[in-house]
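There are 2 protein chains.
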Amino acid sequence: MSERSELTIGHSSSASEASTPSDVTPAAPSRANWAEQAVADHAGAEHLTREEQVLARIEKARRKKSRVKEERITLSHGAGGKATHTLIDAVFLDAFRNPVLEAMEDGASVTIGGADESGAGGVRLAFTTDSYVVHPLFFPGGDIGDLAVNGTVNDLAMCGARPLYLSAGFILEEGFPVADLQRIVDSMAKAATAAGVQIVTGDTKVVERGKCDGCYINTAGVGVLERPGLLSAATAKPGDKIIVSGEIGDHGVTVMLARGELDIEADVVSDTAPLHELVADLLDAVPDGVRLLRDATRGGVATILNEVAVASQVAVIVDEASVPVQEVVTGASELLGIDPLYVACEGRLVTIVDPAHADAALAALRSRPLGEKAAVIGELKDDPPGLVLLRTSFGGTRIVDMLVGDPLPRIC
Amino acid sequence: MSERSELTIGHSSSASEASTPSDVTPAAPSRANWAEQAVADHAGAEHLTREEQVLARIEKARRKKSRVKEERITLSHGAGGKATHTLIDAVFLDAFRNPVLEAMEDGASVTIGGADESGAGGVRLAFTTDSYVVHPLFFPGGDIGDLAVNGTVNDLAMCGARPLYLSAGFILEEGFPVADLQRIVDSMAKAATAAGVQIVTGDTKVVERGKCDGCYINTAGVGVLERPGLLSAATAKPGDKIIVSGEIGDHGVTVMLARGELDIEADVVSDTAPLHELVADLLDAVPDGVRLLRDATRGGVATILNEVAVASQVAVIVDEASVPVQEVVTGASELLGIDPLYVACEGRLVTIVDPAHADAALAALRSRPLGEKAAVIGELKDDPPGLVLLRTSFGGTRIVDMLVGDPLPRIC
Numbered sequence: 010m011s012e013r014s015e016l017t018i019g020h021s022s023s024a025s026e027a028s029t030p031s032d033v034t035p036a037a038p039s040r041a042n043w044a045e046q047a048v049a050d051h052a053g054a055e056h057l058t059r060e061e062q063v064l065a066r067i068e069k070a071r072r073k074k075s076r077v078k079e080e081r082i083t084l085s086h087g088a089g090g091k092a093t094h095t096l097i098d099a100v101f102l103d104a105f106r107n108p109v110l111e112a113m114e115d116g117a118s119v120t121i122g123g124a125d126e127s128g129a130g131g132v133r134l135a136f137t138t139d140s141y142v143v144h145p146l147f148f149p150g151g152d153i154g155d156l157a158v159n160g161t162v163n164d165l166a167m168c169g170a171r172p173l174y175l176s177a178g179f180i181l182e183e184g185f186p187v188a189d190l191q192r193i194v195d196s197m198a199k200a201a202t203a204a205g206v207q208i209v210t211g212d213t214k215v216v217e218r219g220k221c222d223g224c225y226i227n228t229a230g231v232g233v234l235e236r237p238g239l240l241s242a243a244t245a246k247p248g249d250k251i252i253v254s255g256e257i258g259d260h261g262v263t264v265m266l267a268r269g270e271l272d273i274e275a276d277v278v279s280d281t282a283p284l285h286e287l288v289a290d291l292l293d294a295v296p297d298g299v300r301l302l303r304d305a306t307r308g309g310v311a312t313i314l315n316e317v318a319v320a321s322q323v324a325v326i327v328d329e330a331s332v333p334v335q336e337v338v339t340g341a342s343e344l345l346g347i348d349p350l351y352v353a354c355e356g357r358l359v360t361i362v363d364p365a366h367a368d369a370a371l372a373a374l375r376s377r378p379l380g381e382k383a384a385v386i387g388e389l390k391d392d393p394p395g396l397v398l399l400r401t402s403f404g405g406t407r408i409v410d411m412l413v414g415d416p417l418p419r420i421c
Numbered sequence: 010m011s012e013r014s015e016l017t018i019g020h021s022s023s024a025s026e027a028s029t030p031s032d033v034t035p036a037a038p039s040r041a042n043w044a045e046q047a048v049a050d051h052a053g054a055e056h057l058t059r060e061e062q063v064l065a066r067i068e069k070a071r072r073k074k075s076r077v078k079e080e081r082i083t084l085s086h087g088a089g090g091k092a093t094h095t096l097i098d099a100v101f102l103d104a105f106r107n108p109v110l111e112a113m114e115d116g117a118s119v120t121i122g123g124a125d126e127s128g129a130g131g132v133r134l135a136f137t138t139d140s141y142v143v144h145p146l147f148f149p150g151g152d153i154g155d156l157a158v159n160g161t162v163n164d165l166a167m168c169g170a171r172p173l174y175l176s177a178g179f180i181l182e183e184g185f186p187v188a189d190l191q192r193i194v195d196s197m198a199k200a201a202t203a204a205g206v207q208i209v210t211g212d213t214k215v216v217e218r219g220k221c222d223g224c225y226i227n228t229a230g231v232g233v234l235e236r237p238g239l240l241s242a243a244t245a246k247p248g249d250k251i252i253v254s255g256e257i258g259d260h261g262v263t264v265m266l267a268r269g270e271l272d273i274e275a276d277v278v279s280d281t282a283p284l285h286e287l288v289a290d291l292l293d294a295v296p297d298g299v300r301l302l303r304d305a306t307r308g309g310v311a312t313i314l315n316e317v318a319v320a321s322q323v324a325v326i327v328d329e330a331s332v333p334v335q336e337v338v339t340g341a342s343e344l345l346g347i348d349p350l351y352v353a354c355e356g357r358l359v360t361i362v363d364p365a366h367a368d369a370a371l372a373a374l375r376s377r378p379l380g381e382k383a384a385v386i387g388e389l390k391d392d393p394p395g396l397v398l399l400r401t402s403f404g405g406t407r408i409v410d411m412l413v414g415d416p417l418p419r420i421c
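Chains as they are written, first to last, in the numbering used here: chain A, 10 to 421; chain B, 10 to 421.
Hints in this document: simulated from the structure, not taken from any laboratory.
It cannot be assumed that every hint is accurate.
Straight-line C-alpha distance at most 20 Å; calculated SDA-like pairs for lysine to any residue [as the list claims (entries may be wrong)]:
| # | chain 1 | residue 1 | chain 2 | residue 2 |
| --- | --- | --- | --- | --- |
| 1 | B | K78 | A | K220 |
| 2 | B | K220 | A | E217 |
| 3 | A | K199 | B | R106 |
| 4 | A | K78 | A | A99 |
| 5 | B | K220 | A | E270 |
| 6 | A | K220 | B | S196 |
| 7 | B | K199 | A | N107 |
| 8 | B | K220 | A | L379 |
| 9 | B | K382 | B | P237 |
Everything numeric in this text was worked out from a predicted model, so none of it was measured.
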């Protein structure tokens, strides 16, 4: 979630509904004025502390007002890309406005207890929620149950928190087999044990036949923030390295193929996994060099990188040949007509790290099986700010925009 | 939620699917042996502390195993009554088993931070979740938005916590009007402000047309437990008074009538309201005399009283004439064929209080508009343990069982 959709330039959603990136020349003349303006806007902030800069950017974004152009909700509003950002910005953020929500990270960071309003002496918590509507409910490598646990555990981990407690809210369709529910619940219990969290509170609602698709699950999570420092998409700097923790796109491709609507068979399973230990290792190894952690779910790696580009006003340069993707995922993605950079993972993280710590970060990730295929996939530059550029394997360069439309609905 | 369904005797769910209580003679001969046994079982616990007794009861319930007899989920599994309890017990509790979940109150109480495993020096939190699938989305007196905020605020308040932060997870149906979403979100924002909570994190999923009913909302909530003491359905004692904070059944009847399927017009609006201030006043006035707080949502007042009867092994005696019900609600309930004791409220609490503090509790509740019609509706006795008995206005007595079936689906 992010409050920056109106700053994403280059494509208006009305002008282009394509989900794949278009080949254009970066820093084309039509963009030059904007880039100069952005640099000029940014120049005044040099004397501010890192935290003040973050707040200044939030304040700047706040002054602009997004608007949902559609009269009715479309699948793209749930895809995690451009339409989702606009909906969040124009509807949710505008109504619920508060400083915690406006940080727009994977979870909220709040301080509870303590002697005074400043929260000194209190406990710093991360709090997050996700609903899961994946279809089908069961797929190679996982099901909605472990997805619902791992997804929320990962959102807490991406805040830098140690995940502790989950809630579980079920919406069940009348007629749903109790045996399937049992299988899902057993899978959740196993995933919770593996992630070291407890499911401590819950709720069950049943709706009439045809008012749901078997089983939807919401999990919310609470974790404790034990480390100092601020992880934020707005703290990245030119020169920083971009690292992904493993091969991307496995989950999205697996779920699409599991629907059986496409006559494709591929030997691929979901990467659903809890990332909290990988994160703990990384933050232990590089306590001061990690700018941002994100798990690449809906919208994929490309959407995260666009958020970083806009929030930190940097150029994100990705080297296509360095991005780890299984051959089978590349092949299936081509047949599905989507770039793997947009395909959801459920057990992969993206991190932006200080270049001085990149080797240590990579080594820390690679020391665990979950991160053994971690790779540096690119770096940040100062120009053109706000854009993600891909150096293709053929030597060209193209802009990778935020996801538009929803090529892979109900992937999580 | 409770782990006590197997202890609710008198009606097996297969023997009686009626949702209204049946007229039987209490303490009939067939029940005498069981009652004696229960008293005998209970006798050995006299030397234990209150907390040990609670744990002993949980341990006892744990030894018995519930089983879901149905192969498929029915609406009654979401009604909050007997089938819901069995489902929670047999499926969720069995898989997720942990001491926090097993307390089975309206929310989980956990300690975070602190110097050691005991949690000393940490912050005591309440954590709760509810999904809202009410139909219709808009009804006299409220909508799914304020319901979703007030419901979770109330669950935190019933734990004795001060509500602080909410999450909001939306599942939207493709084609849902953005204007309706805006109206719901504005209503949530207004309710959050009124309840003094912030919505700090969220999630939006969109499912295809026909896979949802417009809009479902999950809210999870975090509050801080600032008062000592344990509120639990298992801590009630013979002699305790039962108080409700106002007229019951308004919400359920309003929603049923708002569907327009019944040709009844009645001047009644939902009682949806945040109860945290009422609770704070009550606990300030009677810091040591409150055994239990519950908001009477799905399953109504009758279900709460059954949970108390079973968990504390007491007889609950309700005086029908003392139960505050609006005439219009009584009338509509008669036409709907349901007892108002089973009809959901969304702004009413039930509390069990030490008799020495009953007057003070009543005065505290009545000092606020939300509690001005608070009334003592009955008291607890030691025999027959585990049963709720209603002294009817005609001078008879009947058993009020836990809700069976779902006479009012999707009321919240």
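Hints and how they fare:
1. B/K78 <-> A/K220: Violated. B/K78 to A/K220 sits at ~24 Å, over the 20 Å cutoff.
2. B/K220 <-> A/E217: Holds, at about 11 Å.
3. A/K199 <-> B/R106: Roughly 11 Å between the alpha carbons, so the hint for A/K199 and B/R106 holds.
4. A/K78 <-> A/A99: 10 Å, holds
5. B/K220 <-> A/E270: 18 Å, holds
6. A/K220 <-> B/S196: Roughly 24 Å separates the two Cα atoms, so the pair is violated.
7. B/K199 <-> A/N107: 13 Å, holds
8. B/K220 <-> A/L379: 35 Å, violated
9. B/K382 <-> B/P237: 28 Å, violated
Checked against the numbered hints listed earlier, the structure breaks hints 1, 6, 8 and 9; every other hint is satisfied.
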